[in-house]
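Asker: Going line by line, the protein sequences match chains A and B.
Residue numbers for the first sequence follow the working numbering, so the first one is 1 and each next one is one higher.
Residue numbers for the second sequence follow the working numbering, so the first one is 1 and each next one is one higher.
Be a bit skeptical, because a hint or two may be false.
No distinction is drawn between identical chains; accordingly, a pair holds when it is met within one copy or between any pair of copies.
[Said to hold, decoys possible] As a list, the in silico DSSO-like pairs of lysine-lysine whose alpha-carbon atoms are at most 30 Å apart:
#1 Lys363 - Lys275
#2 Lys7 - Lys292
#3 Lys363 - Lys236
#4 Lys6 - Lys275
#5 Lys270 - Lys363
#6 Lys363 - Lys7
#7 Lys363 - Lys28
#8 Lys292 - Lys363
#9 Lys7 - Lys236
Keep in mind that the hints were calculated from the coordinates and are not lab data.
There are 2 protein chains.
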Amino acid sequence: MADEVKKGLEGVVVAESALSHIDGDEGKLIYRGYTIEDLARGASYEEVLYLLWHGELPNRDELDSFSESMSEEREVDDGVMNTVRELAESDSEPMGALRTAVSMLATYDPDDDSDPADREANLRKGRRITAKIPTILAAFTRIRNGDEPVEPRTDLGHAANFLYMLNDEEPDDVLADVFDQALVLHADHGLNASTFSAMVTSSTLADLHSAVTSAIGTLSGSLHGGANANVMRMLKEVDDSDRDPVDWVDTALDEGRRVAGFGHRVYNVKDPRAKILSEQSEELGEAAGDTKWYEMSVAIEEYMKEEKGLAPNVDFYSASTYYQMGIPIDIYTPIFALSRAGGWIAHVLEQYEDNRLIRPRAKYVGDEDVEFVPIDER
Amino acid sequence: MADEVKKGLEGVVVAESALSHIDGDEGKLIYRGYTIEDLARGASYEEVLYLLWHGELPNRDELDSFSESMSEEREVDDGVMNTVRELAESDSEPMGALRTAVSMLATYDPDDDSDPADREANLRKGRRITAKIPTILAAFTRIRNGDEPVEPRTDLGHAANFLYMLNDEEPDDVLADVFDQALVLHADHGLNASTFSAMVTSSTLADLHSAVTSAIGTLSGSLHGGANANVMRMLKEVDDSDRDPVDWVDTALDEGRRVAGFGHRVYNVKDPRAKILSEQSEELGEAAGDTKWYEMSVAIEEYMKEEKGLAPNVDFYSASTYYQMGIPIDIYTPIFALSRAGGWIAHVLEQYEDNRLIRPRAKYVGDEDVEFVPIDER
Numbered sequence: 001m002a003d004e005v006k007k008g009l010e011g012v013v014v015a016e017s018a019l020s021h022i023d024g025d026e027g028k029l030i031y032r033g034y035t036i037e038d039l040a041r042g043a044s045y046e047e048v049l050y051l052l053w054h055g056e057l058p059n060r061d062e063l064d065s066f067s068e069s070m071s072e073e074r075e076v077d078d079g080v081m082n083t084v085r086e087l088a089e090s091d092s093e094p095m096g097a098l099r100t101a102v103s104m105l106a107t108y109d110p111d112d113d114s115d116p117a118d119r120e121a122n123l124r125k126g127r128r129i130t131a132k133i134p135t136i137l138a139a140f141t142r143i144r145n146g147d148e149p150v151e152p153r154t155d156l157g158h159a160a161n162f163l164y165m166l167n168d169e170e171p172d173d174v175l176a177d178v179f180d181q182a183l184v185l186h187a188d189h190g191l192n193a194s195t196f197s198a199m200v201t202s203s204t205l206a207d208l209h210s211a212v213t214s215a216i217g218t219l220s221g222s223l224h225g226g227a228n229a230n231v232m233r234m235l236k237e238v239d240d241s242d243r244d245p246v247d248w249v250d251t252a253l254d255e256g257r258r259v260a261g262f263g264h265r266v267y268n269v270k271d272p273r274a275k276i277l278s279e280q281s282e283e284l285g286e287a288a289g290d291t292k293w294y295e296m297s298v299a300i301e302e303y304m305k306e307e308k309g310l311a312p313n314v315d316f317y318s319a320s321t322y323y324q325m326g327i328p329i330d331i332y333t334p335i336f337a338l339s340r341a342g343g344w345i346a347h348v349l350e351q352y353e354d355n356r357l358i359r360p361r362a363k364y365v366g367d368e369d370v371e372f373v374p375i376d377e378r
Numbered sequence: 001m002a003d004e005v006k007k008g009l010e011g012v013v014v015a016e017s018a019l020s021h022i023d024g025d026e027g028k029l030i031y032r033g034y035t036i037e038d039l040a041r042g043a044s045y046e047e048v049l050y051l052l053w054h055g056e057l058p059n060r061d062e063l064d065s066f067s068e069s070m071s072e073e074r075e076v077d078d079g080v081m082n083t084v085r086e087l088a089e090s091d092s093e094p095m096g097a098l099r100t101a102v103s104m105l106a107t108y109d110p111d112d113d114s115d116p117a118d119r120e121a122n123l124r125k126g127r128r129i130t131a132k133i134p135t136i137l138a139a140f141t142r143i144r145n146g147d148e149p150v151e152p153r154t155d156l157g158h159a160a161n162f163l164y165m166l167n168d169e170e171p172d173d174v175l176a177d178v179f180d181q182a183l184v185l186h187a188d189h190g191l192n193a194s195t196f197s198a199m200v201t202s203s204t205l206a207d208l209h210s211a212v213t214s215a216i217g218t219l220s221g222s223l224h225g226g227a228n229a230n231v232m233r234m235l236k237e238v239d240d241s242d243r244d245p246v247d248w249v250d251t252a253l254d255e256g257r258r259v260a261g262f263g264h265r266v267y268n269v270k271d272p273r274a275k276i277l278s279e280q281s282e283e284l285g286e287a288a289g290d291t292k293w294y295e296m297s298v299a300i301e302e303y304m305k306e307e308k309g310l311a312p313n314v315d316f317y318s319a320s321t322y323y324q325m326g327i328p329i330d331i332y333t334p335i336f337a338l339s340r341a342g343g344w345i346a347h348v349l350e351q352y353e354d355n356r357l358i359r360p361r362a363k364y365v366g367d368e369d370v371e372f373v374p375i376d377e378r
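Could you put together the complete structure from these sequences and hints?
Answerer: Quick look at the structure:
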């Protein structure tokens with residue numbers, strides 16, 4: 001049993017964490033004891049960041065001071081912005097651009113030479129990273145469209161300021177609230193692969209920027225953060241086909257295609273985040289007078305449940321929500337990173353508090369005792 | 001037992017691998033069945049890369065073709081080189097600069113839009129990443145010293161070309177050989193933390209550049225790749241103290257300081273790589289007519305064995321070897337990355353061949369059922 005191969009580490013418990021807990025049978029997600037429903041409806045993204053990093057929800061004064069300490073860090077140094085411009089003009093993949101830019105932020109961070117496990121320095125670094133990601137992402141998206149970046153504003157919340165920088169237009173309250181809720185929903189989720197990669201990186205006492213850079217790269221894969229963009233590409237394919245969504249899915253399943261946005265390793269029932277996002281998707285459709293994306297999503301959800309017994313995950317409804325907000329499809333995954341940065345940083349703070357190098361083993365299945373033959377005798 | 005916390009994943013087997021195997025009791029390391037001693041003495045770094053990536057040692061024609069396909073990829077695009085210049089002029093940490101530059105390479109890779117699991121595309125990407133790391137590192141090191149980068153040459157081997165670009169002077173055969181051996185010794189080492197982080201990243205079907213970027217960040221920590229630089233800083237401190245090395249170490253141990261370069265999670269006896277590097281360190285000292293660093297290292301090794309029962313690891317002797325080659329101390333860890341890139345890429349190729357998302361679990365130890373109170377009532 002000692003040598004049993006735990007490929008995927010499924011079910012293996014690698015850490016204790018007080019951050020978030022998923023009950024996959026009940027479809028329940030909590031952050032530090034609060035249900036995701038309460039937080040999405042009652043707390044802003046900044047409140048949730050404070051909760052994850054400091055252990056409790058802030059009062060008004062604490063929140064104001066915390067929010068200000070982040071909003072004043074939104075500007076990004078010219079060195080990084082020049083690289084973002086170069087990447088946008090070279091048609092970089094958005095996740096690759098974000099990974100590169102966040103990695104580069106380290107050099108300009110005033111705490112770059114701090115002890116990697118210095119909690120106060122890491123909280124400052126964490127606030128800076130989280131504050132600057134929206135600026136980087138909005139600038140990248142605008143530059144590749146031929147537009148100039150929009151400077152961040154300090155008088156808007158995290159969610160509203162991103163939409164403002166993206167569109168050069170202040171969002172109305174509904175859009176800002178929906179986006180803020182989406183950020184809350186994506187802020188943390190146990191030891192998903194990107195969070196775990198951040199922990200592995202920080203376990204060598206590598207710095208916080210290294211850990212977040214690893215996590216962005218890990219999130220970019222299609223089995224993780226890449227899924228939300230794939231859902232929207234699928235919904236557009238269904239729409240373009242002019243076919244009934246259920247017929248389309250039926251054919252896709254017959255052809256052995258994977259229907260994006262269904263199933264999750266830790267949920268056996270509907271992901272609670274999908275429930276909240278489906279309401280947002282409906283609300284946005286009603287506000288715009290066109291609920292077709294919402295209706296298409298519901299039809300597919302019902303059919304998948306009936307045919308396959310599979311429930312939608314968070315990506316299934318974030319797709320139509322973001323689409324109806326006018327966000328370009330290929331930045332859905334970077335937006336996931338923009339939110340999850342909060343969770344990554346929280347887990348890295350926990351890792352440093354009681355660190356142990358993460359170094360598993362492989363079972364060697366290769367050759368042994370091979371005789372070496374010099375190259376000219378091969 | 002199901003919920004036993006495997007912090008550090010010590011002893012947990014997460015994969016099968018045919019790449020390298022460590023026998024920690026015998027002090028034996030093999031790559032695909034060949035002993036590290038045979039490879040260090042008889043094979044070049046390029047032969048070892050071919051062995052790791054293709055499963056067998058190349059014959060002369062295969063090696064020539066492989067080496068050429070790498071040497072022609074040594075040049076780095078202007079976009080990346082401009083960022084390297086900016087980082088060098090901003091006094092970036094070398095590992096942070098390398099992490100950023102390698103991440104950025106993705107955008108300019110002709111296979112950037114390939115399927116992440118396309119083996120042939122990954123072999124091309126792997127050759128490009130490995131070929132360009134020395135160019136990036138040499139340019140970074142020269143620019144921060146106020147010198148201009150030196151263009152790579154295609155007529156030199158991987159090791160010799162790096163030393164040539166670093167010093168603007170072709171190395172003699174002894175230096176080139178010693179450096180090539182050091183690269184062979186560091187090329188792979190089971191599932192160390194950096195390799196494992198590359199596997200976690202690629203397990204989401206993130207691309208090879210994401211995986212190698214994660215690994216560089218992970219290697220930068222002082223519990224992993226950062227150790228070789230710490231050994232040299234310690235040896236210089238011993239030298240500056242004008243004290244007998246054994247007395248110095250004795251005092252350091254009394255004061256509770258950790259002596260860098262000793263102990264390893266998987267070796268219970270002397271690391272076979274340390275044996276080979278100690279011979280190189282001695283040889284370089286004799287060639288220069290001054291064996292003080294070698295002698296100091298031997299004295300510390302003997303005392304640590306006697307007092308603590310600890311044997312030196314690879315970092316302990318790579319320190320004085322690199323120092324005697326005139327390599328700046330703070331690029332020892334990037335040089336480790338320059339070599340280990342070969343192993344990282346080999347393990348990612350294995351991961352893609354039979355992929356499973358790596359997603360462990362945490363044991364939740366936080367609050368439950370906390371009542372949500374709106375902010376103005378807190």
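Asker: None of the hints should be skipped; say for each whether it holds.
Answerer: Outcome of the hint check:
1. Lys363 - Lys275: Answer is between; shortest inter-copy Cα gap is 25 Å, intra-copy 42 Å.
2. Lys7 - Lys292: Neither, since 41 Å and 48 Å both go past 30 Å.
3. Lys363 - Lys236: Neither: 44 Å inside a copy, 40 Å across copies.
4. Lys6 - Lys275: neither (32 Å within a copy, 34 Å between copies)
5. Lys270 - Lys363: Between. Shortest inter-copy distance 22 Å satisfies the 30 Å Cα cut-off; intra-copy 37 Å does not.
6. Lys363 - Lys7: Both: 11 Å inside a chain and 19 Å across chains, each within 30 Å.
7. Lys363 - Lys28: between (36 Å within a copy, 16 Å between copies)
8. Lys292 - Lys363: Neither: 51 Å inside a copy, 41 Å across copies.
9. Lys7 - Lys236: neither (35 Å within a copy, 44 Å between copies)
The structure is inconsistent with the numbered hints 2, 3, 4, 8 and 9, although it conforms to all the rest.
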